[in-house]
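Going line by line, the protein sequences match chains H and B. With the first sequence counted from 1, adding 318 to any position gets you my numbering. With the second sequence counted from 1, adding 396 to any position gets you my numbering.
Please keep in mind that the hints were generated in silico from the structure rather than gathered at the bench. Nothing here was measured: the structure is a model prediction, and the numbers come from that model. Watch out, some of these pointers could steer you wrong.
Stated by the list, open to error - Anything over 12 Å on all C-beta distances counts as not near chain B; from chain H, calculated:
no. : residue
1   : Q324
2   : G334
3   : T344
4   : G381
5   : K388
6   : E390
7   : E397
Claimed, not checked - Residues from chain H shown here face chain B by an in silico Cβ test under 10 Å; the list is partial:
no. : residue
8   : P326
9   : R327
10  : K329
11  : Y349
12  : G358
13  : F408
Glycine included, C-beta positions come from ideal geometry on N, C-alpha and C.
These are the residues of each chain, in order.
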Amino acid sequence: DAGITQSPRYKITETGRQVTLMCHQTWSHSYMFWYRQDLGHGLRLIYYSAAADITDKGEVPDGYVVSRSKTENFPLTLESATRSQTSVYFCASKETAYNEQFFGPGTRLTVL
Amino acid sequence: TQLLEQSPQFLSIQEGENLTVYCNSSSVFSSLQWYRQEPGEGPVLLVTVVTGGEVKKLKRLTFQFGDARKDSSLHITAAQPGDTGLYLCAGRLVFGNEKLTFGTGTRLTIIP
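So that you can see chain H by itself, here it is in the shape it has in the complex (with noise of 0.2 Å):
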């Protein structure tokens, strides 16, 4: 299907597991981001890729890690998952620095 997508939708995890979040687009947009969604905190930007094997950190990237060696896939990684990184977490992409940004369906991750 077209679009962006993310796997899995929901995601329960305990303390010190590793944990992976894909993310999944079909338009070949060079730019993909990571944000997490937490109560009273809006969306915040975890990491970020400009183009295949270019990755950046935004403003939350500590505990996670991101790899980008094909345009359309962005995993995101939790190496050892902490109960702080129980939240909503959205992928987004899009063609240029100008463009909208259109965003995945979102994974809800629990840590337990």
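Model the placement of chain B on the given structure of chain H, informed by the hints.
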């Protein structure tokens, strides 16, 4: 410290009433966007304002960018249940910068 503050955080009004949501900052933005987010989905772009003092209308929604480009408002006329959702403002601090800073959000409920 949140760069973009939205008020009110929650708003519940009767169908047919008018309302205004505010997005304020002490920083100057090169552009500002408004998004609406429905439960279980990612945010969807409503409008982008670029020029200080700019006003844009989208049916019953009126968006204004402050003269100094530090604040914005969203006014809804004759609210309908379909307007229910989370409204987010997002600003771009530097022209051409691909990163957006999101506000804290206003959760709007329209009661039929």
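Hints, one by one, checked against the model:
1. Annotated as non-interface, Q324 of chain H brings its C-beta within 12 Å of a C-beta of chain B; the closest such distance is 9 Å.
2. Every CB of chain B is more than 12 Å from the CB of G334 of chain H (nearest about 29 Å), matching its label as outside the interface.
3. Here T344 of chain H stays apart from chain B, with its beta-carbon at least about 15 Å from theirs, past the 12 Å limit.
4. No Cβ of chain B comes within 12 Å of the Cβ of G381 of chain H; the nearest lies about 20 Å off, and the non-interface call holds.
5. For K388 of chain H, the shortest C-beta to C-beta distance to chain B comes to about 19 Å, beyond the 12 Å cut-off, and the non-interface label holds.
6. With a least beta-carbon separation of about 17 Å from chain B, E390 of chain H lies farther than 12 Å from that chain, consistent with its non-interface assignment.
7. The claim that E397 of chain H is not at the interface with chain B holds, since no C-beta of that chain comes within 12 Å of its own (minimum 24 Å).
8. Because the closest C-beta pair between P326 of chain H and chain B is about 14 Å apart, greater than 10 Å, the hint is violated.
9. Look at R327 of chain H: its Cβ gets to within about 9 Å of chain B, closer than 10 Å, so that hint holds up.
10. At its closest, the beta carbon of K329 of chain H sits 15 Å from a beta carbon of chain B; the interface hint therefore is violated under the 10 Å criterion.
11. A least Cβ separation of about 5 Å between Y349 of chain H and chain B falls short of the 10 Å threshold, and the interface hint therefore holds.
12. Restraint check, G358 of chain H versus chain B: the minimum CB separation of about 6 Å is within 10 Å; hint holds.
13. For F408 of chain H, the interface hint holds, the least distance from its beta-carbon to any beta-carbon of chain B being 5 Å, beneath 10 Å.
In summary, the structure is inconsistent with hints 1, 8, 10 from the numbered list given earlier, while agreeing with the others.
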